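Sequence lines, in order, name chains X and B.
With the working numbering, the residue at position 6 of the first sequence is 6, and numbering never jumps.
If you want the working numbering, it's the 1-based position in the second sequence plus 115.
It should be emphasised that the hints constitute simulated quantities derived from the structure, not laboratory data.
Just to be clear, a hint being listed does not mean it is correct.
[What the hints assert, rightly or not] With a Cα cut of at most 30 Å, we get these calculated BS3-like pairs of lysine-lysine: (1) K71/X x K54/X; (2) K54/X x K68/X; (3) K54/X x K172/B; (4) K172/B x K71/X; (5) K198/B x K68/X; (6) K198/B x K5/X; (7) K71/X x K56/X; (8) K5/X x K172/B.
[To be verified] Every beta carbon over 10 Å from chain B, so not counted as near; a handful from chain X, in silico: (9) S12; (10) G16; (11) A41; (12) E42; (13) T45; (14) G60; (15) S69; (16) H72; (17) P79; (18) Q81.
[As the list claims (entries may be wrong)] Here are the simulated distance ranges between beta carbons: (19) M29/X x D177/B: 33 to 39 Å; (20) Q14/X x L154/B: 28 to 34 Å; (21) T26/X x I153/B: 39 to 45 Å; (22) G83/X x I212/B: 27 to 33 Å; (23) P117/B x H76/X: 26 to 32 Å.
Note that this is a predicted model, so its numbers are computed, not measured.
Cβ atoms here follow ideal geometry from the backbone N, Cα and C, with glycine treated the same way.
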Amino acid sequence: DQQVKQNSPSLSVQEGRISILNCDYTNSMFDYFLWYKKYPAEGPTFLISISSIKDKNEDGRFTVFLNKSAKHLSLHIVPSQPGDSAVYFCAASEGVNFGNEKLTFGTGTRLTIIP
Amino acid sequence: EPEVTQTPSHQVTQMGQEVILRCVPISNHLYFYWYRQILGQKVEFLVSFYNNEISEKSEIFDDQFSVERPDGSNFTLKIRSTKLEDSAMYFCASSEIRGVDTQYFGPGTRLTVL
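Just chain X, with the same shape it has in the complex (with noise of 0.2 Å):
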């Protein structure tokens, strides 16, 4: 039950350069989607959201894109930073409007940027 994908394990990036992370989802029931960092032995922490009314929200270096109609979002990182080097899970919830807090996650994209 692949609700979520991300389908590229890793990637690499020269640092000042732009990070492209992609998600796809199968679950028209989404409605709020997530990016999540995680570094070693830590926890993932929250990056950056956007609902699906929207199509871009940006904080920073980091802007996420949403395409309905193909079902994917990606997470642009630019410039790219050593720093950004962790993975990255895509996440869904739906029915957040009405409090849900159930979270979907990809498996996630290891994101290496070289200095």
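Once you have looked at the hints, place chain B on chain X.
Quick look at chain B alone, frame taken from chain X:
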């Protein structure tokens, strides 16, 4: 900055034994969660807890699992009779208000069932 803490960081147990994983949520948080991640797989929701009751649980959270807030600070996950497939990283999370993007995660407890 306040953080969620979990103990132990690594727990090794024999199949069939009971384990209790402990979490100390952030002090003013009211909503508590457990997730798990089997090695190489995705993070999976187990249960959410509010006002001393389970508010939502997944199909993974069967009768072998229970959660408790035994005092004002701890939040525990008990697995009554562990199976090999329970080996995973277990993450506790807490939030001040109800919602998915307000959940703060702990560092996790790695459970190894032999």
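Here is how each hint holds up against the structure:
1. K71/X x K54/X: holds (13 Å)
2. K54/X x K68/X: Holds, because 9 Å separates the two Cα atoms, which is no more than 30 Å.
3. K54/X x K172/B: At roughly 29 Å apart (the allowed maximum being 30 Å), K172/B and K54/X satisfy the hint.
4. K172/B x K71/X: holds (26 Å)
5. K198/B x K68/X: Outside the cut-off at roughly 40 Å; violated.
6. K198/B x K5/X: OK: K198/B and K5/X at ~27 Å, within 30 Å.
7. K71/X x K56/X: holds (14 Å)
8. K5/X x K172/B: With a Cα-Cα distance of about 22 Å, the restraint between K5/X and K172/B holds, given a limit of 30 Å.
9. S12: Its Cβ never comes within 10 Å of chain B, the nearest being 20 Å, so this holds.
10. G16: At roughly 29 Å from the nearest Cβ of chain B, G16/X sits farther out than 10 Å, so the non-interface label holds.
11. A41: violated (6 Å)
12. E42: Non-interface label fails for E42/X: nearest chain B Cβ at 5 Å, not farther than 10 Å.
13. T45: violated (7 Å)
14. G60: holds (16 Å)
15. S69: holds (23 Å)
16. H72: Given a closest Cβ separation of 18 Å, the condition holds.
17. P79: holds (25 Å)
18. Q81: Per Cβ check, Q81/X is outside 10 Å of chain B; nearest 21 Å; holds.
19. M29/X x D177/B: 33 to 39 Å: Since M29/X and D177/B have Cβ atoms about 24 Å apart, the given range 33 to 39 Å is violated.
20. Q14/X x L154/B: 28 to 34 Å: holds (30 Å)
21. T26/X x I153/B: 39 to 45 Å: violated (21 Å)
22. G83/X x I212/B: 27 to 33 Å: For I212/B against G83/X, whose Cβ atoms are near 29 Å apart, the range 27 to 33 Å holds.
23. P117/B x H76/X: 26 to 32 Å: holds (30 Å)
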